[in-house]
Every structure is written in structure tokens, then in C-alpha cells.
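Can you build the whole structure from these sequences, using the hints too?
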Amino acid sequence: MRVSRVVMKFGGSCLRDAGAFNGVLRAIREYGGESQLVLVPSALSGVTDQLINMARSAIKNKLDDELDLIVKRHIEIAEEVLGQGRSSFIERMKAMKEELAKALSRVRLEGLNDALLAFIEGFGERFSGVLLEFFLNENGLKTTLVEAEDIIVAFNSYLNGLPLLEETAANIRDKVIPLLNDGVHVVVPGFICRNADGKIAVLGRGGSDFTATILAYGLKDEKSNVKVILWKDVDGLLTANPEYEENARIIREISYAEAKELAFFGAKLLHPLCLIPAERKSISVEIRNFWRMGSDDFTVISNVVEAKVSVVKAVSGMKDVAMVTVEGEAMVSRPGTAAKLFKIMGDENVNIRMISQSSSENNITLVIDSVDKDRAVEAIRRSNFFGSHWIKINVEDDVGLVSVVGAGMKSTPGIAARVCSALGSRGINIRAIAQGSSELNITLVVSRKDLKEAVKAIHDEFKLSER
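Residues 15 to 481 in this note's numbering are what the sequence shown spells out, letter by letter.
Simulated from the structure, these hints should not be mistaken for laboratory data.
What follows is a list of derived Cβ distance ranges for each label pair: (1) Asn-195 - Glu-260: 46 to 56 Å; (2) Asn-261 - Asn-443: 16 to 26 Å; (3) Met-110 - Ala-184: 23 to 33 Å; (4) Glu-362 - Lys-333: 15 to 25 Å; (5) Lys-282 - Leu-83: 19 to 29 Å.
Using N, Cα and C, we set each Cβ at its ideal position, and we do this for glycine too.
Okay, structure coming up:
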């Protein structure tokens, strides 16, 4: 008989107070059933930002009051939801508070580096994980916390770890599955991992989603069925940003590839990388609204085969972007120009949202996040090649990015023409356009003032509100 395993991730708003913790119990009982359960808590809402701000201001300020407030918030919830285990929980909190205070003292002495920031950032999940463990045990659910850094191994930076999936899966087989087989629920704090040096690192903002799918990857084997449920404060993925299109509808089924595109192009509901582990083992991922438990409005991400009628699945708009164009005749027929530009952006940790290059090879256009604009331009100007008088750099920060996503666009003629026609009919000029070779998306740059109308025009053209 195949074993059923469910990984549930609870977002920060799902753990905001005592009432929310009671909602966690309901979710476990109604959606866990007889399955083996792994539970992934995020930090309580707002706590990660507080910790980052404390880390950055620790050089100049003593932060006893701020630290006390964070600890007090967790203890206040414990006083409402815990009985017998309350004093033990408070002792655990005091020990973790001392550990965090020492890390902040190191910042004052040594300055802030990525290793210290990652260590400090992860305390929000550590606090909520311990509270969840105590809460579930007190409610008759045998539960053990397994520290994320003991199982999830990653490489890359301290702040954006990329998991070593097979090494992590081996740790899950050794440290998590035996507990599940003994009838124990397992809590693994989200967001946290360890790097190749054995030091605590994190998976990037929104990384608790990633934690859930990494764990699911390790739990899936030939004898088990595994599912991931991401509990959030919204129904799921929508056909458009509701701030731009009030008639946006829930997407009930979507492929991994389409969902990844939406995550990259501004659907902040998902960590951009979290679907990769799930896709590799065909693990379905559900996005459900914690505050509308039982609702039929939710999104399932899987290997769904796209129906031909669903040519376009969604349209996404991003406003906080800038367009940087590097141009000059010296770039023509010169090998490695794009590679040099990408390396400069990579060295500066600048994420490129879109790239477009003219066929004459005399210009390359990048769309990047607005916050990175000045740093990116300065780095380009400092470079030996792009900093020469042969090269011009033009920056436009009054732009928005529109991405049209749908697996049905593949091999379907005329989609780009319909998109351009829809925008043209409303007097919207396209400043740049690109389409990936996968044919999953078409990305356009428009004036920021036209962004909302552009999203609405495409949404209307493909009748996405009627699905």
C-alpha cells in the first residue's frame, strides 16, 4: 500500500494570533486526514522585516526594546494557546532570545555581513516553529521539530541558497521519514538552510514555499504519494494583478511552467524557484486561502495538459522596473558583448527581468528592478568596455513590464499580433518586446502610466474574466 504524505506550509498571516493557530489545527484535521504530515511555518507576519531592520541598525543602536517586543508577541500567543507547556516554551524563547542578542552584539563589534544577516533573519521561523511544535503537542498531535539546517543543504550565497536536492533528500530519509513512520508529525521551520561550510543560510524572501517543495522532493519515493499545500491569505493565482484588473479570476489549474513564469514576472504569491523540486518529481502544489478554508476557489499546480482554448492563462504587470539600453556601433559583430553585460549585472546581484537585442547588434536593452537601476548603471560605466566613449547608456525609469503567459501560445500563430493589436487599439505604445524560445510568454515594456490599461486590454482580448 502506498503511503500518503502531505507538506503544509503556513504563511506568516496564518500564524498571526491565537485564533490563527486554532485555524492550523482545523487545516491539519480537515486536509491532513490519515496522511503523514510535515508542517512548515513562516515567521509571524512582519517579524522577518523587523529582524532585518534590527540587523541593519545594530551597529549604531542598542535594540533591547525591539527584541523584547518580538519575544513578547510570541509569548502572548503562547499564553492564549498553551497550558501545561507554557513555562517550557517561555524557557526555550529566552534561550533563543539570548542567542539572537549575541548575534546582534557581534554586528556592533564586527559590522554586518551576509553570514550574520542570514543567521539573524532566520530567527522568525525558529520562534514560530517552536511555538507550533508546543501547540500541536498540547492538542494531542504528537509532534517533533527538526531544524531545517540539519536537513536542507544549499550552495550559492548566504542569503539566496540553492538546495542540493539529492544530499537534502538523503537527510530527509534519515531524519524525517523515520519519525513520520512512527506516527509523529514533523515541524520544519521555513526559509532556513545550511551552506556547504555548515553555516546557517537562508533561501531568499518567500523561501518557506521553497522549503515546502524541497521537503516534498525528499519525501517522494516509489512507495508514496506526496502533495504540497501552501496556506496563504489569498485564494490562489489570478488571471491578472487585481490592482490593475478588477475582473481577474482565480486560475484553478495551471502547469508548473506557466506558474514559474508568473512567479518570475511579479506574482509575489510564490517564490520563483519553489516549483522546480515539485516539477522534477511531479508533485502537485495547491495554493489555498487559510481564511476561506473549504472554499472551492484555489489553484492546483501540476503537470496539467493545457487545453487548446486556454491559449493565454494570465497577464501580469510590474511597475517598479527600469529600462537600461546600452548601445554603440562598437558592439556590432563583437563576440561576448551580451556575456560581458550579464557578468556585470551578476556581479552586482542585479536580476534581469527582460532582455531585448536588435538584429543589427548595436544595442541591448535590459529591464531590471528600479531599486537596482543606479547601481547597475554605475557598474556598466565603470567597466573597461562599456565605459568607453564608444558606448552610450540610456535609462528610462517611467516604464512598466507586461508579461503574457500561457502554454497554449506554443505553436499557435498570431498571439503576438493580437497582443500588439489590443494595445494599439487603446493608443498604448510598445517600447520593447521579447518572447522566450519556450513560447510560454510574451513580455512587453510600456509607459508606466499605460501599465494598468495595458493589462486590462490584454485581459479583455483573451476574455480571461470569462473562464
